[in-house]
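Protein chains: 2
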Amino acid sequence: MALKVYVDRISQPSRAVLIFCKVNGIAFEEVTVTLSKRQQLTPEFKEINPMGKVPAIVDGRFKLFESHAILIYLSCAFPGVADHWYPADLSRRAKIHSVLDWHHSNLRRGSALLVFNTVLAPLFGRTPDPQVASEAEMLLSKSLSKIELVWLKGNGKFLLGGFKPSIADLSLVCEITQLQLLDEKDWNRILGPHLKVREWIENTRNATNPQFDEVHRPLYKLKTDLIKQGVEKFTSKM
Amino acid sequence: MALKVYVDRISQPSRAVLIFCKVNGIAFEEVTVTLSKRQQLTPEFKEINPMGKVPAIVDGRFKLFESHAILIYLSCAFPGVADHWYPADLSRRAKIHSVLDWHHSNLRRGSALLVFNTVLAPLFGRTPDPQVASEAEMLLSKSLSKIELVWLKGNGKFLLGGFKPSIADLSLVCEITQLQLLDEKDWNRILGPHLKVREWIENTRNATNPQFDEVHRPLYKLKTDLIKQGVEKFTSKM
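Protein sequences, first through last, are from chains U and G.
Counting from 0, one number per residue, gives the positions in the first sequence under numbering that gives the first Met the number 0.
Counting from 0, one number per residue, gives the positions in the second sequence under numbering that gives the first Met the number 0.
Keep in mind that the hints were calculated from the coordinates and are not lab data.
Heads up, none of these hints are tricks.
In the DSSO-like style, the derived pairs of lysine-lysine whose C-alpha atoms are separated by at most 27 Å in a straight line are:
#1 U:Lys156 with U:Lys141
#2 U:Lys45 with G:Lys145
#3 U:Lys156 with U:Lys21
#4 G:Lys45 with U:Lys195
#5 U:Lys145 with G:Lys3
Same shape as in the complex, but just chain U:
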């Protein structure tokens, strides 16, 4: 039975797992779990992930959720995956774990809360909270500075001074691409000061294209739809 990957391409960790599988030539079946239709909360999906979140995988009889755990598992379970994604070397591997662990309460938290409380909440029938959005933007900006000062400190093109991407690059960059859903003014204010981060996003995109752009297409489409909706709202007010 082929590997099944349960995702919604609007979810940033889902995209990281999809890009990883495609770039590494892992055979899999993509199963879409549409978050805006609350399909992650159906009893059928909760058999796969009782936490009701994407991504999740089923590999034979083995079920797994949490994107970092999935990326590590796939790196080890499929022998064709190049070492730079999740190095066998103990120290390099430990540093990648350190980035991935840091990510949860910093970049991920700031970015996800900001995007939800500005753009996504109405799509899920919720009201955005401007106070939460403002605190999230502070955490996000601080996290982007830390990425430049700490993780992108070396001479390489990727995190931890790497010359080829790791699963940490993929996870963190897919989080940041979610910010494209923001208003252009907001995006410029937040990402503008971070030249190194913007270069690193491009490096990761180039290293994983054409799969990177292909997997991001629904995100780019959602962005276009949001702009259209914004224009329509504006027009209807005239």
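With the hints as your guide, set chain G onto chain U.
Below, chain G without anything else, positioned relative to chain U:
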């Protein structure tokens, strides 16, 4: 040069790393970084962890922070560590990663925010936020239910149906013991309904004693001090 472990025993992930080293007979030097004196923000410590947090380790020339990354590194770098802490088996290891990743945005977030916004904030010269505390308690209670329903579902004494503890047991239990700083009434309200969680805490404590209690002693002392302060406050109001 012996392994150096930078910790404050009042920090829950610091305790997890200390107990792990002691139980596994790893030779190390404990270096205290007192959070209430903001020693984690000194330039000297920022050379070790530029994020300004504990725990962190220095092993020869190798520096590492983030407690889960540290626990994994120590499990692999020191050959005397028994397999149950961080199993070599790919699937069992993947499940442990899944618990550890889930922990960050669920149990950890709920517990840490609640304890800070009820008990610890004044010790750090900050004002507790009751709204944040209330939301944190909701997340914490939901996380405790998920631990019982998902991670403690098996017949074993530990997470994922284990019969011996893993680094995930240690990390999560040390987070929950932080709740002992709460008022007894609050502790009973939150932990009372979760019999399976309380049994699992005792199982983890028993499996790692006397080191577990020894490392927790400063937490128990802080608890006693807080009660005394409470009594004094009450008396001074009479």
